[in-house]
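J.: Each chain, letter by letter, is given below.
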Amino acid sequence: MDHAPRPLASTRSPSPPPEAPAAGAATPADPGRRDFLGAAFTIAGGAVVLLAGLDAAASGETHVPPPGGDAYNWEEHRWAYVIDTSKCIGCGSCVRGCKAENDVPDGFVRTWVERYIVGPGGSYVDSPKGGLDGFPPVPTAFTPTKSFFVPKMCNHCKETPCVQVCPVGASYRTKDGVVLVDGKSCIGCGYCVQACPYGSRFLNPATHTAEKCTWCYHRITKGLKPACVEVCPTGTRAFGDMMREDDPVRQTIDHERVSILQAHLLTEPQCFYLHLDMEVR
Amino acid sequence: MEHARHVFRIALVLLVVITAIFLGRGFLVPRSYGTFGPYRADNVAEQMKIRPPAHAGAASCAPCHKAKSEAHDAGGHKAVSCEVCHAPLLRHVTNGTVSGKMPVDRSFTLCARCHRRIQGRPDKFPQVILEQHVTSKLEGAVCLDCHDPHSPKP
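These protein sequence lines are chains A and B, in that order.
Per our numbering, numbering through the first sequence is continuous, rising by one, with the last residue being 546.
Per our numbering, numbering through the second sequence is continuous, rising by one, with the last residue being 297.
These are computed hints drawn from the structure, not numbers from a lab.
Hints are supplied without guarantee of correctness; some may be wrong.
Mimicking DSS-like on lysine-lysine, the simulated pairs with C-alpha atoms at most 27 Å apart in a straight line are [unchecked claim]:
1) Lys487(A) with Lys209(B)
2) Lys296(B) with Lys280(B)
3) Lys352(A) with Lys280(B)
4) Lys211(B) with Lys296(B)
5) Lys364(A) with Lys221(B)
6) Lys296(B) with Lys209(B)
7) Lys440(A) with Lys192(B)
8) Lys211(B) with Lys221(B)
A quick note: this is a predicted structure, and the numbers were derived from the prediction, not measured.
All chains, full assembly: derive it from the sequences and hints.
T.: Printed below as a string of structure tokens:
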């Protein structure tokens with residue numbers, strides 16, 4: 266190896282002020298810079314092509330087997346939920362059933378029941394412990410003219426605000442229409458908890474990851490109903506498959522006058538309500 | 144040729160940086176990420192078997208509690224699953240054999256959760272004002288003095 270520093274210093278002096286005619290055609294461009302730019306562009310371009318190719322290879326595969334294997338094909342289902350508020354008696358069996366089924370931590374609920382007591386003079390809304398132990402009688406300052414229960418849960422929106430804000434791809438919507446949280450990827454930042462307009466998410470204090478209703482994905486993929494539907498004694502809650510024409514839930518959604526929560530947010534919830542009062546948000 | 148040396152040096156740095164990015168990406172991005180969308184596809188199968196289903200429905204008790212089941216299915220509580228008043232089957236039976244004691248809640252609060260007259264309940268649902276319906280002391284298993292929980296009659 267010869268001594269590089271000396272010639273390096275000497276080459277600097279004769280060259281014109283480096284900044285002057287950068288890409289000017291008149292002055293012969295510094296060969297070093299040209300080479301440098303050329304090499305840099307080649308490498309950068311190559312990297313871009315490589316990265317793009319890698320992503321395309323990852324997402325472009327069309328013949329990936331569905332995750333359930335042969336037993337359950339998620340392309341053949343699209344789940345939906347119907348809640349008939351006029352039938353709900355506010356017993357909280359769904360809240361308890363969900364807790365028992367999913368090991369929901371104390372102080373949190375994945376589904377809950379709200380009570381609305383409404384009169385001309387005012388309105389009163391409560392949900393003690395999410396309705397876990399039922400509801401007590403309450404005195405109201407006004408004379409109520411109507412009162413009703415509204416069970417709530419994750420709406421499994423088609424246009425999910427919660428999935429959109431997840432920075433690590435831990436929240437996602439499956440092909441059969443269920444919004445899930447990947448507990449292994451979740452970093453517990455809580456953006457999704459804030460983003461959900463229905464308040465259906467929380468951070469599990471033990472795992473520090475986001476948690477929410479999964480429509481009992483471990484049950485529905487085995488042909489069972491979600492636990493809340495299974496235990497409901499009045500038929501308030503119904504769960505069904507929009508891909509099956511004779512499904513009662515699909516029939517209800519197709520033929521009855523259903524409504525959704527906070528339609529103005531355009532989140533396209535997949536929980537549909539019957540007999541919903543305008544007081545309910 | 145002296146100028147070229149700069150180029151090689153920079154190129155080398157770039158190469159190292161890009162290799163580092165690729166290696167880092169390989170380590171950090173989970174294997175199945177992106178198969179179906181911007182998420183870890185393996186999680187879908189994980190969610191399917193995250194835990195065994197706990198509730199098995201009212202019919203699941205029938206093989207071992209035939210008389211109770213028949214009475215239940217014929218009575219006023221046929222819509223109320225056994226698991227609502229007791230507990231999920233998994234607490235009691237695993238793989239077809241009894242593995243745990245099924246809780247029995249005899250207190251009036253169990254019935255009150257559904258039948259106490261409160262604001263919000265639909266009018267047509269059978270409900271009672273506890274304090275008026277029960278003339279004796281309202282405690283413990285009072286409701287069972289007069290009602291059979293498995294087949295209540297009005």
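J.: Against this structure, judge whether each hint is valid.
T.: Evaluation of the provided hints:
For the hint pairing lysine 487(A) with lysine 209(B), the CA-to-CA distance comes to about 26 Å; that is within 27 Å, so the pair holds. Taking the CA atoms of lysine 296(B) and lysine 280(B), the gap is near 22 Å; set against the 27 Å cutoff, the hint holds. Between the alpha carbons of lysine 352(A) and lysine 280(B) the distance comes to roughly 31 Å, so the proposed pair goes past 27 Å and is violated. Restraint check for lysine 211(B) and lysine 296(B): satisfied, since their Cα atoms lie roughly 15 Å apart, inside the 27 Å limit.
Simply put, lysine 364(A) and lysine 221(B) have alpha-carbon atoms about 23 Å apart, close enough for the 27 Å limit, and the pair holds. Between lysine 296(B) and lysine 209(B) the CA atoms are separated by roughly 20 Å; this keeps the pair inside 27 Å, and the hint holds. Of the pairs offered as hints, the one joining lysine 440(A) and lysine 192(B) holds, with about 17 Å between alpha carbons and a cut-off of 27 Å not exceeded. Pair hint lysine 211(B) plus lysine 221(B) holds up; C-alpha atoms about 11 Å apart against a cutoff of 27 Å.
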